Amino acid sequence: VNPQFRVGDAVRVDEREQGGHVRTPRYIRGKRGVVSEIRGPHPDPEKLGSGRLGVPFRMLYRVSFAQREVWPDYRGGPADRLFVDLYEHWLKEE
Amino acid sequence: MMEHHDHDHDHAHPGDHPQADPEVALLEQAVRELLIEKGIIEPEALQANIEAMEGRSAEKGAEIVARAWLEPEFKAQLLADGAGTMRKLGVDLRGPELHVVENTPRVHNMVVCTLCSCYPRYLLGIPPLWYKSFEYRSRAVREPRAVLAEFGMTLGANVEVRVHDSTADLRYLVLPMRPEGTENMSQAELAALVSRDALIGTAPARRP
Numbered sequence: 001v002n003p004q005f006r007v008g009d010a011v012r013v014d015e016r017e018q019g020g021h022v023r024t025p026r027y028i029r030g031k032r033g034v035v036s037e038i039r040g041p042h043p044d045p046e047k048l049g050s051g052r053l054g055v056p057f058r059m060l061y062r063v064s065f066a067q068r069e070v071w072p073d074y075r076g077g078p079a080d081r082l083f084v085d086l087y088e089h090w091l092k093e094e
Numbered sequence: 001m002m003e004h005h006d007h008d009h010d011h012a013h014p015g016d017h018p019q020a021d022p023e024v025a026l027l028e029q030a031v032r033e034l035l036i037e038k039g040i041i042e043p044e045a046l047q048a049n050i051e052a053m054e055g056r057s058a059e060k061g062a063e064i065v066a067r068a069w070l071e072p073e074f075k076a077q078l079l080a081d082g083a084g085t086m087r088k089l090g091v092d093l094r095g096p097e098l099h100v101v102e103n104t105p106r107v108h109n110m111v112v113c114t115l116c117s118c119y120p121r122y123l124l125g126i127p128p129l130w131y132k133s134f135e136y137r138s139r140a141v142r143e144p145r146a147v148l149a150e151f152g153m154t155l156g157a158n159v160e161v162r163v164h165d166s167t168a169d170l171r172y173l174v175l176p177m178r179p180e181g182t183e184n185m186s187q188a189e190l191a192a193l194v195s196r197d198a199l200i201g202t203a204p205a206r207r208p
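Top to bottom, those sequences are chains A and B.
With our numbering applied, the first sequence covers 1 to 94.
With our numbering applied, the second sequence covers 1 to 208.
Rather than coming from a laboratory, the hints here were simulated on the basis of the structure.
Hints are supplied without guarantee of correctness; some may be wrong.
If the Cβ cut is set under 7 Å, some of the chain B residues that face chain A in the computed set are [said to hold, decoys possible]:
{"no.": "1", "residue": "A52"}
{"no.": "2", "residue": "V141"}
{"no.": "3", "residue": "V163"}
{"no.": "4", "residue": "D165"}
Short, incomplete list of chain B residues facing chain A, as computed with Cβ under 8 Å [as the list claims (entries may be wrong)]:
{"no.": "5", "residue": "I40"}
{"no.": "6", "residue": "E42"}
{"no.": "7", "residue": "L115"}
{"no.": "8", "residue": "V161"}
{"no.": "9", "residue": "R162"}
Treat the numbers as computed from the prediction; the structure is a model and nothing was measured.
Backbone N, C-alpha and C fix where the C-beta goes; we use that ideal spot for every residue, glycine too.
Put together the whole structure using the sequences plus the hints.
The structure is reproduced here in structure tokens:
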């Protein structure tokens, strides 16, 4: 499985609503970030969470977000960042 | 002089709650009894597991940090491949991978799990109640500087605060900065300066 994104790529987290064992926190959906690291294929938690095998595996990324993009009223340094671990099927090319 | 005191349950933190939800406790009891009754788990094995989990403390994490302070090569390995370095040391990772993040004068890291309470238990022991609290989980990503200030850490505007939300298969360990005045200390002496909270990123390493 080849990763769809590369380090440095701008991505946006999908904003869909989805039930079940989803590991994409709501606060980060719809936000724009940058791929900071590719962590390789991992079992799909949404499948594991419902008692199935976690296949197909999903590419896992560390994605970095500028705090000011996540929270428009963020108070803190302009360089402050938030890193969230996200699976490929939740990311879209930006 | 101790500028920063340790935050090991010596006072209440935002969101500390004295006990688990009674409904959850009841559910746990029901499931546990069923599993034992049906012979799926042995009560002795369960007890041994609980004791092993409760017996674990942040000592292992502190030891690793002290060694990283003393051995640049080990530190480089740890930052490049946390899980691999742990395996070489014989630490049982039990699945999740480890990612070590380094604090510097310009970057401060802190760890949270907004979804539940993920945390490198095999290095830090059982997470403190505040780590699992709704308040910490929501505020750590929303206003990390305010949370850090409540823990006694006020960071300058020139410091970049990085919050790591462990939402998936990675567990984070913070490598705190080595305090001043520790040049001649041994690994064991250095490890004693590293609290669990320093490894979560809500406290600095103590000054000797």
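Evaluation of the provided hints:
1. A52: violated (24 Å)
2. V141: holds (6 Å)
3. V163: holds (5 Å)
4. D165: Hint on D165/B: holds, closest Cβ of chain A at ~5 Å, below 7 Å.
5. I40: violated (16 Å)
6. E42: Violated, because the Cβ-Cβ distance from E42/B to chain A comes to roughly 23 Å (cut-off 8 Å).
7. L115: Status holds, d = 6 Å.
8. V161: holds (4 Å)
9. R162: holds (5 Å)
The structure does not agree with the numbered hints 1, 5, 6 stated previously, though it agrees with the rest.
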